[in-house]
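Using the sequences and the hints, build the whole thing.
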Amino acid sequence: MIVWGLLWEIVGQAELTFFIPPLSEVLATLFSIIGTPAFQKALAETAYAFFVGVAFAIAIGIPVGILMGKSRLLDELLLPWVNVFLSAPLTALVPVLMVLFGFGMKSIIITTALFAIWIIILNSRAGVIQINRSLVEMAHSFGASPLNAFFKIYFWAALPEILGGVRIGIIRAVKGVIIGQLLISIVGFGALFELYSANFLMGHFWAVLIVLFALAFTISEFLAYLERRVSYYASKR
Amino acid sequence: MAMSPIKEVTAQTTPMEFESAVSVRNISKNYGDVEALRDMSLEFPRGQLTSLLGPSGCGKTTLLKIIAGLLEPTSGQVEVNGKTVSGPGKDRAFVFQDFALLPWATVIRNVAFGLEMRGVAASEREAIAEKYIKEVGLAGFEQSYPHELSGGMRQRVGLARALAVDSDVLLMDEPFSAVDEQTRRKFQEDLLNLVQIENKTFIFVTHSIEEAVYVSDQIAILLPRPSRVSEIIRPSSFRDKGVDNIRRDPEYLDIVDNIWASLRGYVE
Ligand SMILES: Nc1ncnc2c1ncn2[C@@H]1O[C@H](COP(=O)(O)OP(=O)(O)OP(=O)(O)O)[C@@H](O)[C@H]1O
Ligand SMILES: [Mg+2]
Chain A
1 MIVWGLLWEI VGQAELTFFI PPLSEVLATL FSIIGTPAFQ KALAETAYAF FVGVAFAIAI
61 GIPVGILMGK SRLLDELLLP WVNVFLSAPL TALVPVLMVL FGFGMKSIII TTALFAIWII
121 ILNSRAGVIQ INRSLVEMAH SFGASPLNAF FKIYFWAALP EILGGVRIGI IRAVKGVIIG
181 QLLISIVGFG ALFELYSANF LMGHFWAVLI VLFALAFTIS EFLAYLERRV SYYASKR
Chain B
1 MAMSPIKEVT AQTTPMEFES AVSVRNISKN YGDVEALRDM SLEFPRGQLT SLLGPSGCGK
61 TTLLKIIAGL LEPTSGQVEV NGKTVSGPGK DRAFVFQDFA LLPWATVIRN VAFGLEMRGV
121 AASEREAIAE KYIKEVGLAG FEQSYPHELS GGMRQRVGLA RALAVDSDVL LMDEPFSAVD
181 EQTRRKFQED LLNLVQIENK TFIFVTHSIE EAVYVSDQIA ILLPRPSRVS EIIRPSSFRD
241 KGVDNIRRDP EYLDIVDNIW ASLRGYVE
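Which chain is which? The protein sequence lines are A and B, in order.
If you read the first sequence in my numbering, its first letter stands for residue 1, the second for the next number, and so on.
If you read the second sequence in my numbering, its first letter stands for residue 1, the second for the next number, and so on.
Take these hints with a grain of salt, some might be off.
Only pairs whose alpha carbons sit at most 30 Å apart, straight line, appear in this in silico DSBU-like list of lysine-lysine [claimed, not checked]: (1) A/Lys152 / B/Lys65; (2) A/Lys70 / B/Lys90; (3) B/Lys134 / A/Lys152; (4) A/Lys70 / B/Lys65; (5) B/Lys90 / A/Lys152; (6) A/Lys152 / B/Lys131; (7) B/Lys186 / B/Lys241.
The hints are simulated quantities; they were obtained by calculation from the structure and are not laboratory data.
If you want it as structure tokens, here you go:
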């Protein structure tokens with residue numbers, strides 16, 4: 001980390017290219033713009049789009065994945081689509097979304113959700129498929145209703161895989177929210193990037209990028225931590 | 001076959017000297033092309049322990065799951081307390097070979113699971129669960145998680161969970177096969193006590209001849225290909241001689257030898 005930071009500083013100081021300003025300058029810019037209303041507005045808008053998008057992806061993705069794991073029919077119906085979308089270049093879909101849902105927040109939220117949801121579905125499904133058959137039989141033999149089986153057995157048994165899916169989904173959602181904003185560049189950081197790069201403010205550009213990377217990294221690490229807390233029993237099941 | 005001290009009867013002609021808690025009538029079960037059970041009939045006397053004993057693959061688990069309502073028979077029917085079984089019910093509880101505990105739940109929540117599914121209020125079901133945790137000798141482990149317990153203790157949790165719902169019939173599929181020998185002996189003694197104090201009908205699947213003879217009021221020997229009840233043995237004399245004397249009793253030893261004689265031909 002430190003070595004790379006120093007390297008960046010040296011390359012920047014050497015003024016090889018206007019594209020890479022010295023790290024110290026970037027950091028200084030970072031602190032100066034972090035308090036500005038433009039930055040905070042962008043951050044708030046991004047956070048909003050991100051959380052709403054992720055919330056939709058989780059709220060829809062987990063139940064759909066669990067149901068796919070439980071029902072053969074549903075699985076055969078949906079799995080090909082999930083796999084297609086998982087590997088599809090979703091960025092190419094954003095213009096279509098823009099046409100469908102307009103040039104605003106709505107499209108960005110949907111983009112974010114679309115980036116996150118497929119891996120969440122796939123992992124929830126995998127979690128349910130590996131579930132110990134005798135747990136299902138046990139619940140059945142004690143008269144568990146389908147709803148009880150869903151919330152008291154399937155969800156918990158698949159939780160380690162579900163959390164793994166949510167973590168990767170959220171990392172993808174960070175991409176989604178940024179790509180969405182870049183393509184629909186009138187809100188959030190998309191607007192900021194547009195502004196900075198149009199004015200060749202590379203220090204600002206990098207500063208924002210660092211903030212985004214740091215946020216994505218922090219979120220991912222936090223989720224990995226949660227995952228470790230939960231998987232203490234996963235290895236024992 | 002000379003089995004002088006043993007009363008030998010075929011399933012169809014079981015004299016009705018006992019009231020049956022569970023009746024299995026002409027059950028057949030096919031898994032695709034595999035014929036797991038063919039036209040099997042068997043009576044399980046109320047308040048007693050019946051073992052299903054037989055070589056691997058003779059359909060013991062299949063029969064037990066059909067009684068539990070977890071599997072549909074291809075033909076025939078099962079009656080529990082005179083009512084035809086159409087699925088799992090409150091009158092039966094299952095003890096699983098691999099324990100089937102919820103790894104994310106504490107002992108007390110595991111034991112209370114059956115009650116939870118039946119909609120018993122939290123405080124009430126915990127009180128009941130606590131009582132049965134004590135009864136199986138796990139007092140003090142209420143807040144432990146399954147992975148913190150030994151195999152034997154885990155099966156005690158499985159047993160307490162089945163007891164807690166207070167069903168008439170307890171179905172046990174090789175419950176002691178995954179625990180070590182000494183724990184197993186202790187379990188067998190405890191099971192004998194349980195049959196005495198709990199007024200329940202036990203149906204017990206095992207691979208072990210000694211275990212079957214030790215714990216059973218009635219032993220159904222199943223033979224494979226096609227799967228059938230070959231004989232029903234009712235040990236008579238050593239049951240009240242105390243747990244410590246059973247293994248030395250001549251009748252016990254005779255029965256063990258005789259069963260081995262009739263099963264040895266089926267062991268690969
Ligand atoms: N789900 C299944 N699909 C196909 N065949 C099965 C299935 N379950 C059991 N069988 C077959 O049915 C027969 C009886 O199986 P079952 O498990 O009831 O025997 P078991 O007496 O319990 O054996 P074990 O002593 O090994 O537990 C076996 O031949 C087995 O291969
Ligand atoms: Mg079996």
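Here is how each hint holds up against the structure:
1. A/Lys152 / B/Lys65: It holds: about 22 Å lies between the C-alpha atoms, which stays within 30 Å.
2. A/Lys70 / B/Lys90: holds, 25 Å
3. B/Lys134 / A/Lys152: holds, 25 Å
4. A/Lys70 / B/Lys65: Holds, at about 21 Å.
5. B/Lys90 / A/Lys152: holds, 19 Å
6. A/Lys152 / B/Lys131: Given pair A/Lys152, B/Lys131 holds - Cα atoms ~23 Å apart, limit 30 Å.
7. B/Lys186 / B/Lys241: holds, 17 Å
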